[in-house]
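K.L.:
As they're listed, the protein sequences go chains A and B. Residue numbers for the first sequence follow this note's numbering, beginning at 2 and rising by one. Residue numbers for the second sequence follow this note's numbering, beginning at 240 and rising by one.
Bear in mind the hints are in silico, worked out from the structure with no lab data behind them. Misleading hints may appear alongside valid ones.
Unchecked claim - These stretches of chain B come out as covered by chain A in the derived footprint (C-beta under 8 Å, 3 or more residues): (1) 255-267; (2) 272-282; (3) 315-322; (4) 335-345; (5) 349-360; (6) 363-377.
Backbone N, C-alpha and C fix where the C-beta goes; we use that ideal spot for every residue, glycine too.
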Amino acid sequence: MAKIIAGFASSHVPAIGAAIDNKQTHDPYWQRVFSGFEKAKKWIADARPDVVIAVYNDHASAFSVELIPTFAIGCAAEFQPADEGWGPRPVPVVMGHPQLASHIATSAILDGFDLTIANKMEVDHGLTVPLNLAFGSPSAWPCPVIPIAVNVVQYPPPTGKRCFDLGRAIRKAVASYPEDLRIVVFGTGGMSHQISGPRAGLINSKFDKAFLDRLTRDPKGLAAMPHIEYMREAGAEGIELVMWHVMRGALDDKVKEVYRFYTVPASNTAVGNIILENVAKPAKKAAAKKSPPKKAKSLRKAA
Amino acid sequence: MARAKSKTEEYEDIPGTFVFNAERSRQGYGINMFCMSLMKDENRKAFKANEAGYLKKFNLTPEQTDAVLKRDYNLMLELGGNIYFTAKLGATDGHSFRHLAAEMTGATQDDYAKMMLEGGRSVEGNRSKSGKYDKPAKNAAAKPKAKAAAKSPKTSKSSSKRK
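Same shape as in the complex, but just chain A:
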């Protein structure tokens, strides 16, 4: 049976992608950001998920103002990196998991979540930057990724509660998938930032740190926060944080925070990263890194 082992939340600042693509990761400015992700990279290398479900927002790449799905799930076999005005990022094509994605769509729709199904969808920095932060810059991403795009462009985005409940629906769907898969759910975007208008540059570290604290111990209370408070306190684009509730909703009520990193700034943005493991059955370290995933799973099952 498939199961969600952990959640991984991270900002998806485009300038982080540009720093990687332009090979500036060792500049002191960027070193401060990238060094904070070293432990997260190690954690995910050890956790070796079979599939990542990545909750992100499209930044006017796959979806223009012609069509604005509130929640769209990528059911394609692959997703090409989008040209965001600079040419496509030189990152691997994102391989999907159509069977599991369709299973989640079916289960979630029957559960009351009318997801939009995307069988062709280009993916932008919102998805690929967190993949870099988790997996570095490999020639191919180490596992299939199911993108779930959330509208945070045109108001109103979905509420925090609705995002949390989508996470719950995803968890339920995963639990009924017959294949033995270990899944990590990514929540991306945020933290506090505003990149538009005269108030651009707003950062609220107190808000961000409290958000990180409450994500573990008071997720439902946190998800009840209205949009206006994100906008006022964490910047107009800080609203992206609603996507972290999908990740949190997909986890158990009780989780263990295994890693946290926070720094200001990356370009215009406060950068946060948090890893939450389900407490009941924490992700075990892979016994042998070279062994094929199937074997590792059967070992885990026997244990």
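Got chain A sorted already, so can you dock chain B onto it with the hints?
P.N.:
Relative to chain A, chain B alone:
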């Protein structure tokens, strides 16, 4: 309807911010679709070769056309543009999000970069035009007792400044 109106009022009360709601989306449809077209290299070249001519395809108002030609990013937002779209115009000119953000604040690139390195613009004094929401709400993630050393808000009142 009353509820929708109060939401708009709340949004409009945030200083230096243009909330991209349905009304702005309708108004700025042309600007945003123009920006969307800049995802293709051939379109970027065509636009750069003849900006005013290229814009004619997108049904902009004269004011919107002017805002684009003058790269008045705040005015574009006010007239219905959205930052994720207008950033593609910025990219076409070779500018990052940070460059555009600095311009929209009216600060020099150096001053803006310095402000960010020093922790960004403080939220203190930047929550509310009316002053009704000067303190964080009880429900906000931040604790109400939190009180940062308030930097004087640099939010410019004027709609924009160009370099």
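K.L.:
Now tell me, hint by hint, if it's right for this structure.
P.N.:
These are the hints, each one checked on the structure:
1. Residue count for the segment 255-267 of chain B with a Cβ under 8 Å from a Cβ of chain A: 9. That meets the three needed, and the coverage hint holds.
2. Against chain A, the segment 272-282 of chain B contributes 7 residues with a C-beta closer than 8 Å to a partner C-beta. That satisfies the three-residue criterion, and the hint holds.
3. Restraint check on the segment 315-322 of chain B versus chain A: 3 residues with Cβ-Cβ distances below 8 Å, three needed, restraint holds.
4. With 9 residues bearing a CB less than 8 Å from a CB of chain A, the segment 335-345 of chain B meets the requirement of three and the coverage assertion stands.
5. Beta-carbon proximity to chain A at under 8 Å applies to 7 residues in the segment 349-360 of chain B; the threshold of 3 is reached and the given coverage holds.
6. A count of 6 residues in the segment 363-377 of chain B with a Cβ less than 8 Å from any Cβ of chain A is obtained; the coverage claim is therefore met, three being the minimum.
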